[in-house]
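Just so you know, the protein sequences line up as chains A and B, in that order. Using the working numbering, read the first sequence as starting at 1 and increasing by one per residue. Using the working numbering, read the second sequence as starting at 1 and increasing by one per residue.
If you are wondering where the hints come from, they were derived from the structure by calculation, not from laboratory data. Everything numeric in this text was worked out from a predicted model, so none of it was measured. Hints are not guaranteed to be accurate.
To be verified - Some chain A residues judged to face chain B by a derived CB distance under 7 Å, without partners named: (1) D211; (2) R217; (3) G220; (4) I227; (5) H230.
Cβ coordinates follow ideal geometry from the N, Cα and C atoms, glycine included.
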Amino acid sequence: MLRYLISRLISLALSLCLASMVIFAVLQVLPGDPASFMLGLNASPDTVAALREQLGLTGPVPIRYLHWILGMLHGDFGISYTYRTPVADLIAQRAQVSVPLTIYAMVLTVTIALPAGIIAASRRGRATDVTVMGVTQLGIAVPNFWFAMLLVLVFAVQLRWVSSGGFPGWSAGIWPNIKALTLPAIALALPQASILARVMRSSLIEALHQDYLRTARAKGLTQGQAIRRHAVRNALIPVLTILGLQFSFLLAGAIIIENVFYLPGLGRLIFQAITQRDLIVVQSVVMLLVAAVIVVNFLTDLAYAAVDPRLRSRV
Amino acid sequence: MTLLSVQDLTLKIRRTPILHGVSFEMQPGEVFGLVGESGSGKSMTALALMQLLPQGAVAGGQARLAGTDLLSLSERRMCALRGNEIGMIFQEPMTALNPMRPIGDQVAETLMIHGAATRRQALRVAREKLDRVGLTADRFPLSRFPHELSGGQRQRVCIAMAVALRPKLLIADEPTTALDVTTQAGILDLLKGLVAEEGMALMLITHDLAVVAGIADHVAVMEQGRIVEAGRTEALFRTRAHDYTRRLFAASSHQPTRRAQATGAPLLQVRAARCEYLLPRPSPFAAAPRLTAVKDVSFTLHAGESLGLVGESGCGKSTLTRAILGLDPLQGGEILLQGAPVGPLMPRAQRAGVQVVFQDPYGSFDPRHKVARLVAEPFHLTPAQKPEQRDRVAEALTAVGLLPEDADKYIHEFSGGQRQRIAIARALIIRPALIVLDEAVSALDVRVRAQILDLLADLQGRFGLSYLFISHDLSVVRAVTDRVLVMRAGEIVEEGATEAVFNAPGHAYTQELLAATPRIPKGWLATE
Numbered sequence: 001m002l003r004y005l006i007s008r009l010i011s012l013a014l015s016l017c018l019a020s021m022v023i024f025a026v027l028q029v030l031p032g033d034p035a036s037f038m039l040g041l042n043a044s045p046d047t048v049a050a051l052r053e054q055l056g057l058t059g060p061v062p063i064r065y066l067h068w069i070l071g072m073l074h075g076d077f078g079i080s081y082t083y084r085t086p087v088a089d090l091i092a093q094r095a096q097v098s099v100p101l102t103i104y105a106m107v108l109t110v111t112i113a114l115p116a117g118i119i120a121a122s123r124r125g126r127a128t129d130v131t132v133m134g135v136t137q138l139g140i141a142v143p144n145f146w147f148a149m150l151l152v153l154v155f156a157v158q159l160r161w162v163s164s165g166g167f168p169g170w171s172a173g174i175w176p177n178i179k180a181l182t183l184p185a186i187a188l189a190l191p192q193a194s195i196l197a198r199v200m201r202s203s204l205i206e207a208l209h210q211d212y213l214r215t216a217r218a219k220g221l222t223q224g225q226a227i228r229r230h231a232v233r234n235a236l237i238p239v240l241t242i243l244g245l246q247f248s249f250l251l252a253g254a255i256i257i258e259n260v261f262y263l264p265g266l267g268r269l270i271f272q273a274i275t276q277r278d279l280i281v282v283q284s285v286v287m288l289l290v291a292a293v294i295v296v297n298f299l300t301d302l303a304y305a306a307v308d309p310r311l312r313s314r315v
Numbered sequence: 001m002t003l004l005s006v007q008d009l010t011l012k013i014r015r016t017p018i019l020h021g022v023s024f025e026m027q028p029g030e031v032f033g034l035v036g037e038s039g040s041g042k043s044m045t046a047l048a049l050m051q052l053l054p055q056g057a058v059a060g061g062q063a064r065l066a067g068t069d070l071l072s073l074s075e076r077r078m079c080a081l082r083g084n085e086i087g088m089i090f091q092e093p094m095t096a097l098n099p100m101r102p103i104g105d106q107v108a109e110t111l112m113i114h115g116a117a118t119r120r121q122a123l124r125v126a127r128e129k130l131d132r133v134g135l136t137a138d139r140f141p142l143s144r145f146p147h148e149l150s151g152g153q154r155q156r157v158c159i160a161m162a163v164a165l166r167p168k169l170l171i172a173d174e175p176t177t178a179l180d181v182t183t184q185a186g187i188l189d190l191l192k193g194l195v196a197e198e199g200m201a202l203m204l205i206t207h208d209l210a211v212v213a214g215i216a217d218h219v220a221v222m223e224q225g226r227i228v229e230a231g232r233t234e235a236l237f238r239t240r241a242h243d244y245t246r247r248l249f250a251a252s253s254h255q256p257t258r259r260a261q262a263t264g265a266p267l268l269q270v271r272a273a274r275c276e277y278l279l280p281r282p283s284p285f286a287a288a289p290r291l292t293a294v295k296d297v298s299f300t301l302h303a304g305e306s307l308g309l310v311g312e313s314g315c316g317k318s319t320l321t322r323a324i325l326g327l328d329p330l331q332g333g334e335i336l337l338q339g340a341p342v343g344p345l346m347p348r349a350q351r352a353g354v355q356v357v358f359q360d361p362y363g364s365f366d367p368r369h370k371v372a373r374l375v376a377e378p379f380h381l382t383p384a385q386k387p388e389q390r391d392r393v394a395e396a397l398t399a400v401g402l403l404p405e406d407a408d409k410y411i412h413e414f415s416g417g418q419r420q421r422i423a424i425a426r427a428l429i430i431r432p433a434l435i436v437l438d439e440a441v442s443a444l445d446v447r448v449r450a451q452i453l454d455l456l457a458d459l460q461g462r463f464g465l466s467y468l469f470i471s472h473d474l475s476v477v478r479a480v481t482d483r484v485l486v487m488r489a490g491e492i493v494e495e496g497a498t499e500a501v502f503n504a505p506g507h508a509y510t511q512e513l514l515a516a517t518p519r520i521p522k523g524w525l526a527t528e
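All chains should be modelled from the sequences, with the hints used to inform the complete structure.
In structure tokens:
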């Protein structure tokens with residue numbers, strides 16, 4: 001187990017290093033001057049030079065890279081050109097929306113998808129299964145921004161259970177925020193849960209045909225007990241893979257939903273930063289998102305090992 | 001008092017009749033052998049008793065276990081009965097256990113699911129049972145996972161699981177078919193011992209007559225969903241009243257007529273061949289350790305000869321086979337075919353000198369190609385014009401006893417035996433000097449196997465072929481080879497003329513292998 005953990009940690013560190021180099025190279029080293037790009041066509045050479053200094057674009061490349069990395073490790077992401085505030089503060093502020101939203105959507109995804117997939121698989125071919133398959137097909141096909149607007153129309157405009165958008169901030173207490181995040185989380189979770197339910201179903205159906213399930217039945221377990229005790233855990237490996245991918249996707253991929261609901265999240269931050277050519281913010285947020293993806297992959301690997309004893313003893 | 005009384009058991013799967021009125025009885029403490037070829041309905045009979053039939057199967061008739069009709073019980077009562085009064089073990093021990101849970105847990109589950117013990121007690125009983133089946137606490141703690149165990153050890157875990165609650169009846173469906181002979185002997189001994197100790201009755205389902213001869217009190221022979229003959233084992237073996245039984249026995253000891261035709265010229269020369277595998281690194285920075293699967297093996301196969309290579313799983317047979325086929329490089333020594341070296345980079349003309357027939361007649365063909373294309377595959381080694389190819393496909397199919405018209409069919413239209421004929425046609429079509437038969441008849445029923453062995457002997461005579469016959473089945477190797485090599489742990493421990501080796505094995509391992517091979521007592525098969 002320890003060996004597995006170490007090998008995963010090494011791969012985590014290497015991935016982070018590589019990713020940071022690529023991001024650094026794309027934004028700082030490649031031809032094209034970020035400073036003149038940010039300032040536009042009419043900027044005077046002096047302003048550009050001043051910005052270059054401020055951006056840390058002077059000096060040898062390896063030193064600049066190290067400077068950037070060390071800064072980030074200390075929580076210093078630079079100062080936003082458009083907001084005139086430290087990027088770290090901006091990110092922290094926006095993460096207060098994005099991280100809870102992602103977790104909320106993930107929790108919804110898992111609590112809907114796993115039971116739906118398990119029920120569909122154990123009633124394969126019957127009405128329940130057909131219904132689950134139909135609904136998930138729809139869930140994948142419907143664009144989530146359209147579904148989000150539908151939710152707003154029904155629950156915010158007609159029923160007036162929640163407001164149609166905006167985020168009150170955590171100082172307003174937990175409940176109002178949960179209310180504000182509920183519709184976006186549902187909109188985000190619908191396609192993800194649909195995909196995951198299908199993966200769970202097909203993976204469980206495969207597990208149901210395994211010999212050890214017959215062994216379990218021969219011991220006297222009912223079909224339901226055999227599924228719960230023996231099949232589900234074996235079916236979880238592909239589900240974990242998809243779940244890991246979905247987490248990363250939700251963290252960065254909520255841009256449209258954040259726009260529909262006027263949520264000040266990371267997605268909107270990066271979107272605005274790109275339109276305003278604020279490369280400092282773009283670079284930092286991209287690095288952060290990439291790091292989050294890599295860390296989630298690392299956690300997925302650990303989850304594999306927790307589920308599957310064969311992985312623990314191998315490697 | 002009768003323990004199990006099966007009366008007129010019928011079974012249909014979606015209107016297709018599978019069993020036609022199967023009737024038999026079992027007494028407590030008795031070993032009952034149910035013998036037959038694949039598809040005869042042996043396993044379905046057992047699954048009907050367990051009420052674990054596939055979807056769409058409907059059973060009729062009666063099956064009384066100690067007076068209770070199993071077929072009329074509700075699913076709930078069956079669940080209470082399975083594992084408690086009837087235990088069952090299956091053919092494939094490698095996949096019979098849940099890979100995610102430790103073995104102790106899985107044995108204890110039998111007790112806990114029936115409310116027979118608390119978790120702590122159940123684990124204690126699991127420990128006792130694992131000890132009883134020969135998995136001692138020092139080497140096999142309860143926390144072991146199935147993947148850490150060999151096939152034989154896993155089958156022992158399955159047995160411990162099945163007998164944990166001392167059922168009155170244990171059903172064993174081909175329990176040793178997937179195992180090596182020495183492992184098989186151990187499992188059969190264990191089952192015999194359990195029957196004697198626990199007073200449990202054992203229903204042993206197998207295709208292997210020799211296994212039944214050594215263990216069963218009574219035997220029933222099944223053919224196409226019917227029991228055609230039943231009786232005390234020795235009496236049945238001696239009389240063989242039914243025609244089908246006679247054919248089954250004849251096929252199992254079938255000896256194809258072969259002419260010795262070794263010309264003496266060496267065809268395949270293996271000189272100090274060594275094959276190694278890289279194992280996973282113990283740490284990310286350490287060098288990967290090597291496993292030597294084949295250790296400096298040398299032998300020569302002469303033109304026109306049939307050479308047998310026997311050994312148990314893991315002895316290096318398959319690795320050596322891959323090297324001889326030129327699929328993997330050697331890490332030492334050399335292999336020469338017709339004087340030229342064999343390896344992954346050898347020219348096509350050289351590769352055309354050797355062809356192979358694999359074990360699995362179901363997995364070794366692309367299901368989307370027609371037979372004509374499958375059989376013509378080796379032509380990429382020795383190009384031929386399309387019309388000539390078509391003629392030679394027809395010729396090859398005729399040679400293996402099929403029709404030229406079969407070329408336009410797909411592989412799923414053929415039975416296992418016919419597929420193996422097609423595999424032989426594919427190997428034969430470019431007239432290689434050597435055909436490697438890698439467990440080529442192991443997956444076949446005895447009667448089909450006898451036909452294929454006849455075919456191979458016939459083709460050898462007609463085309464002057466040489467065979468390298470790789471198998472774990474000693475009786476088959478004995479029937480069809482001139483010389484035999486015995487392999488163990490990557491080394492050839494004994495080599496000699498087949499009859500000489502089998503009659504007077506020199507090496508202790510060969511002796512052990514022969515002793516472990518079940519056989520029908522000599523006198524039983526004397527022709528009347």
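Here's how the hints hold up against the structure:
{"no.": "1", "hint": "D211", "verdict": "holds (4 Å)"}
{"no.": "2", "hint": "R217", "verdict": "holds (6 Å)"}
{"no.": "3", "hint": "G220", "verdict": "holds (3 Å)"}
{"no.": "4", "hint": "I227", "verdict": "violated (12 Å)"}
{"no.": "5", "hint": "H230", "verdict": "holds (5 Å)"}
Consistency note: the structure conflicts with earlier hint 4 alone.
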